[in-house]
Amino acid sequence: MNDDDHRQIRESLGAYALEQLGDAERTTVQAHIDGCIVCQAELALIAPLAAPLRLIDPDHLGTDLQPPAGLDEAIVARMRAERAEPRRRLRRWVPVAAAAAVVALAVGVVVGRALAPDAPKRPLEAVGIDELASEIDASAEVINHTWGMEIVLTGSGFRDGEAYQVNVVDDGGEQVSAGQFLGTGDAPIVCNLNSSVRRVDAARFEVIGTDGDVVLATSV
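Just so you know, the sequence shown maps onto residues 187 to 406 in the numbering used here.
Using C-beta positions, here's what the derived DEER-type ranges look like: (1) 205 / 347: 30 to 36 Å; (2) 397 / 224: 33 to 39 Å; (3) 209 / 261: 41 to 47 Å.
Bear in mind the hints are in silico, worked out from the structure with no lab data behind them.
Glycine residues also receive a C-beta, built at the ideal position from the N, C-alpha and C atoms.
Please put together the full structure from these sequences, using the hints given.
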């Protein structure tokens, strides 16, 4: 995932917390969050604000959002006053200011997303499963990127703790790794896997167990 994709996911966290995403986009964001500690931490800050933010009606917000008059002078005056007080008071004030900054940032992200036009979404293309081990229940979608192809694999029944290799096979028969994942038994998983093989050049992808057996294969 490149920087632009990561930024787009982070910008979606507010809408994710507010349950404003469609099923496909929510699945993509959730799959990314599962493997990204940065977005997990950011979501942990935003999630508690979801309930009060649902009360905000974007239709009643002006496009020219300005802070109240005199707010900057009041902040500077308060900071100067705090500097003059004992260090113990300053230590109490800093976390409050940090929390206020987090709230302001979260509100800005969510309100800005609500007011801004929707960014174009890359389409998810469902692909059929050609081969599937009997114990596995799975589905797959692919996303075409300029840098290659992304695979969104959803399933259960992959042996708990076993490492599975995912390879994309191009039109010439060459296998290119798209990454690995660990099975979780009956617990469902959603994996985002990336390959440098472009969508137009890809013929199929395979999921291979540690014993070398292909447990899932699909033509793309």
